[in-house]
Amino acid sequence: MTSLDSVLEKCRAENRAALIAYIPAGFPSRQGCLKVIQTLADAGVDAIEIGFPYSDPVMDGPVIQEAADISLKGGTGATEVFEALKAASETGTASVVMTYWNPIERYGVEKFAASIADNGGAGVITPDLTIEESETWLAATKANSINPIYVVAPSTKDARLTRVTSMTGGFVYAASSMGVTGTRESVSIDAKDLVSRIRKVSDLPVCVGLGVSTREQAKSLAAYADGVIVGSAFIKLLLNAKDEQAGLLAVSQLAKELALGVREGR
Amino acid sequence: MKSFDLLGHFGQYGGRFVPEALIEALDELEAVHNQTQKDPVFLAELAELHRTYTGRPSIITEAKRFSEHAGGARIFLKREDLNHTGSHKINNVLGQALLTKRMGKKRIIAETGAGQHGVAAATAAALMGLKCVVYMGEEDTRRQSLNVARMKLLGAEVVAVTSGSKTLKDAINEAMRDWVTNVHDTHYMLGTVAGPHPFPTMVRDFHKVIGEESREQMLEITGRLPDAVLACVGGGSNAIGIFNAFIPDANVRLIGLEAGGDGVETGRHAATITGGTPGVLHGTRSYVLQDKNGQTVESHSISAGLDYPGVGPEHAYLHDVGRAEYRAINDDAAMNAFALLSKTEGIIPAIETAHALAGALIIGNELGPKANLLINLSGRGDKDVQTAAQYLGIPL
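Chains as they are written, first to last, in my numbering: chain A, 1 to 266; chain B, 1001 to 1396.
By construction, these hints were calculated from the structure, which means they are not laboratory data. Just so you know, even glycine gets a beta-carbon here, dropped at the ideal spot from N, CA and C. Hints should not be assumed to be uniformly reliable.
[To be verified] Dumping the calculated DSS-like pairs for lysine-lysine here, alpha-carbon to alpha-carbon at most 25 Å:
| no. | chain 1 | residue 1 | chain 2 | residue 2 |
| --- | --- | --- | --- | --- |
| 1 | A | Lys111 | A | Lys157 |
| 2 | B | Lys1038 | A | Lys236 |
| 3 | B | Lys1208 | B | Lys1166 |
| 4 | B | Lys1131 | B | Lys1101 |
| 5 | A | Lys73 | A | Lys256 |
| 6 | B | Lys1292 | A | Lys86 |
| 7 | A | Lys86 | A | Lys256 |
| 8 | B | Lys1038 | B | Lys1101 |
| 9 | A | Lys157 | B | Lys1152 |
| 10 | A | Lys242 | A | Lys219 |
| 11 | B | Lys1131 | B | Lys1106 |
| 12 | A | Lys86 | A | Lys35 |
| 13 | B | Lys1105 | A | Lys157 |
| 14 | B | Lys1166 | B | Lys1101 |
| 15 | B | Lys1131 | A | Lys73 |
| 16 | B | Lys1166 | B | Lys1152 |
| 17 | A | Lys73 | A | Lys236 |
| 18 | B | Lys1292 | A | Lys73 |
| 19 | B | Lys1166 | B | Lys1131 |
| 20 | A | Lys111 | A | Lys10 |
| 21 | B | Lys1101 | A | Lys157 |
| 22 | A | Lys111 | B | Lys1101 |
| 23 | A | Lys86 | A | Lys142 |
| 24 | A | Lys111 | A | Lys86 |
[What the hints assert, rightly or not] Taking CB as the label site, the calculated pair distances span:
| no. | chain 1 | residue 1 | chain 2 | residue 2 | range |
| --- | --- | --- | --- | --- | --- |
| 25 | B | Gly1104 | A | Asp193 | 19 to 27 Å |
| 26 | A | Glu135 | B | Gly1322 | 22 to 30 Å |
| 27 | A | Lys10 | B | Glu1325 | 53 to 61 Å |
| 28 | B | Glu1212 | A | Lys157 | 31 to 39 Å |
| 29 | A | Glu135 | B | Asp1249 | 42 to 50 Å |
[Said to hold, decoys possible] Reference excerpt, derived from the structure (chain B facing chain A, CB under 7 Å, subset only):
| no. | residue |
| --- | --- |
| 30 | Leu1007 |
| 31 | Gln1012 |
| 32 | Gly1015 |
| 33 | Arg1016 |
| 34 | Val1018 |
| 35 | Pro1019 |
| 36 | Ala1021 |
| 37 | Phe1042 |
| 38 | His1084 |
| 39 | Ser1145 |
| 40 | Thr1162 |
Only chain B is shown next, with the shape it has when bound in the complex (with noise of 0.2 Å):
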């Protein structure tokens, strides 16, 4: 099976599958990005701006009182969480950002669920003078109504999507159709590694610098790599980021773990690769969730990050190929995992991180003590208070 070809396969997966409308886009974008990827000045900027803005490199701490609860196994935090905004979705949009002024337009539109790429997104375009339209369903606009609230502060419109199921995957479809129709002047900012090529890729190759880090510091303060990568998984851009320096490194088990929701057995789920078949969403062929007629067919789950019925065409390849293996993780067990790292380590997880820590908890008691464990610590939980105050009982 090849692995990667140039218009954007990764073996049976990835690919273009939209409107012949948005083709020249996306070769424009493809060629921009190919150039500036080879280009020391754009990556130098880049580099800049995630020293003094983002705050990069983000460190890792070791959680040495989580990690009682994982068979003893030593587990260390990629933080992610203590970027400018609050997650890993810095690092992909102040890339596109830059791109998006390169290529001369001036308006760039985005989808969100949890509203964290929204506010990445809005963040982005306040610093760099771009108008910034963010699509949210309906659903999403009332569940996050204080990450609209943000968005409009950094002086983005937000627009509550009310087709379909209201949620993440039609927030992508309105987005798609205004970008079909004003794409002379707009940049669609995708917030993860799937949608059309070169989406999966270009957003990659900006998220790449989390493994890099990684495998660097993880050398230094172990002196050697980890046993195993874990990082939560809904479209995957986290996961492909601090995986992608460890492909290579054969001995290195990288782990996905994707939203159970109720149980992948009750069909009330996201857990695409886990419980979903190949086809064809948002411009992409990977794992999707879908009927006999491949009609999409709605997920479930207690993060909203991760509440999507499609996932990356690359994760796709890589679980296809057995480099990496896709768990899922229940929201009964996430949300466990999210009380117990605040309450052993003061650190409160996003919901779709807890995912990834969950799974900690179960491969650090199946590899024992001796293991080392990396996990990206993908996003802060601080947008997550109510619904975890809620689920846990914590009268508000």
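Same shape as in the complex, but just chain A (with noise of 0.2 Å):
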């Protein structure tokens, strides 16, 4: 059972949704990353996704593709993936990191899934990682104890829901509607579709991710879903704030709306 399993069961018994922030490593500074993290937990926030940035992100908005550019352009690669990493679980909260394939097939298949037990992580999301192509890492997490979390879109048929969670650990992402990451003003009735169809082929946790920004939407999402994974709106904060106090300020009142959110869905 890994820090995630132990962290999602906690919220089930609390008869609550989690809060799942998402923040690029490296951004918005290699050091500034690392206090946007402390800042994430002391507000509550119930786990935390390193992003690993990435030159061609196709599944992502303006917002994280701004994220990631500044962050590459300091230099972020896996050495300060993991770092981030290891400081988010060494706040207590569960801690996994969300990359594109190529990375981690650059870092060494067994190497990346090593490194991530080694620095306290839970599990990795791998957005444009096909089943089809899943056997190595498969593997490689099983052998290191870590959860392969998969994402699923409103378009994924059933028989192959079936199959993608099958293989998933930790959580089922479920992606609110057909897009790249960004805050939309309303989440799709898509989502509430999606989590009943993967309630019926799965007993593992759904949380929904895509679009979300506000209390609001959170508490709509926790009346059905398991977990409410936030990104883009931590960031677009963080972009617009005038020095790093400020953004961290913003941060921290975001986090702690959306912690209230996720208690009020039920």
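Got two chains here, separate frames each, mind docking them using the hints?
Right, here's the structure in full:
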């Protein structure tokens, strides 16, 4: 059982959804990222996803693209990702890495899974790794007792949902709508339908991401999901802040709001 | 090593590395493609379009004066430059446009570097009454403004991509983001033999007519198969198109010429197989120009159409098993061949194609006067006149 499994079980016992926050390593800077992580943990976030910034992020909208550009220009690589992961796990929150596949393959599949475990990580979210290409990855995650977390979409058919969720560990990442990351005015009704379809084929916790930015949205998702994932909304605050202090304060305020939201849904 | 499986692998290359959101669309595309490849009605419709619209079969021209610079080897040019829209790209877009209609989709999106695929896609969309959006790096819209105007004349919307390096690779990223969002009514008309399965096989199937025609034509003209078949390789669609029919002919050498830019040793090049390493980019595993963290490295070439840090997975496989060879041609050598073909044969080639011609000068000298070389003259050079004039010091 990973620390992520325990956190999600605890939230289930408290009859509430978990709050999961995403921040790319090296953003807004190497040190700044570590402060954001502490701020998120202090504000009541249950789990933290550390993003591995990538040159060709086809699943991401303009906000995360900009953060990735800034991070890569600052020289972020695997070292900084594992440093941030370690910092996140040391705060006591469950921590995972979210990354496109190529950085894992380049680092070495076995070695990557081992480094995740060595730095206290509970799992890895791989949004562009299909189950057909997963053989070595699944062996590596199993050998290192970490969760392989797959993303499913509203277009994923039931038969495939069964196959993908059967290979997933930790939680099933449900993309709320068809599209890329970024804040949206409303979370699509597709999300509810997708979550109920996942429930029919899997007992794993289901966490919903893509487009969530407000307490109200968190509350409405918490009514039926086991977790709510927020990324772009935090990054936007950091990009727009006049200085680092103001950015951290804004992140803290939003995280506290969202932490209330995930407790109000049921 | 298994050469091909149902998941779209060529040995260790190919496959699918995409968000789940796209799987259903890729499955649908694969099913429709497999169906139509066995459907005589579909194949007849496409062949008729090629006869009456593309101008197929394309002819073969023997380049006798150019051959004098190639060690006397006989050089034969497969004239894809004479196709409608001026390059081989039309073969693929007409096929994919027919598939789009079969799937009941009304909108196509495409990426383009130099603009040749964008123009071809816009052309096919105009012909078949489809809505067309073309993503093009902002840098490229400036370098190739004439092609932007052509696409607009054809009724397409051209979106200048400002993210990342603002070139072809970022145009593909943006097209994929559009596709993830609008996949219910949109087909992504990818322009080369890369991307997730089934694109590498599907695009090859639409271009293999080049090799099939050439093989027959060469037998007719020379009474035997050529000693070597040469083509330029960016993503690699024209090369796969002409190679495919010759793959079983073990005595025919298949040679791909990559863009060496300033020289592979300088790091400023687009020679992905020569200078890259295996990795995953844009949904497929192949050779990639990348750094130690797996970040894509920017490519450099005088030819916008070859300026891409990836390459089709079948080329990676043909390279590894030794069936095809790949060499890099620097900008200078390509531009010399560009000028030489223009002056000796009265044919101005695309700068992309000029890389294959520069390869012919080298290979011809290696093989000597008894050799027959077949070159895919993949595109014409009208679009490159400005770049060439600047490079060769011709005042405009």
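Structure-inconsistent hints, enumerated in ascending order: Structure breaks hints 1, 2, 3, 5, 9, 10, 14, 15, 20, 22, 29, 31, 37, 38, 39 and 40.
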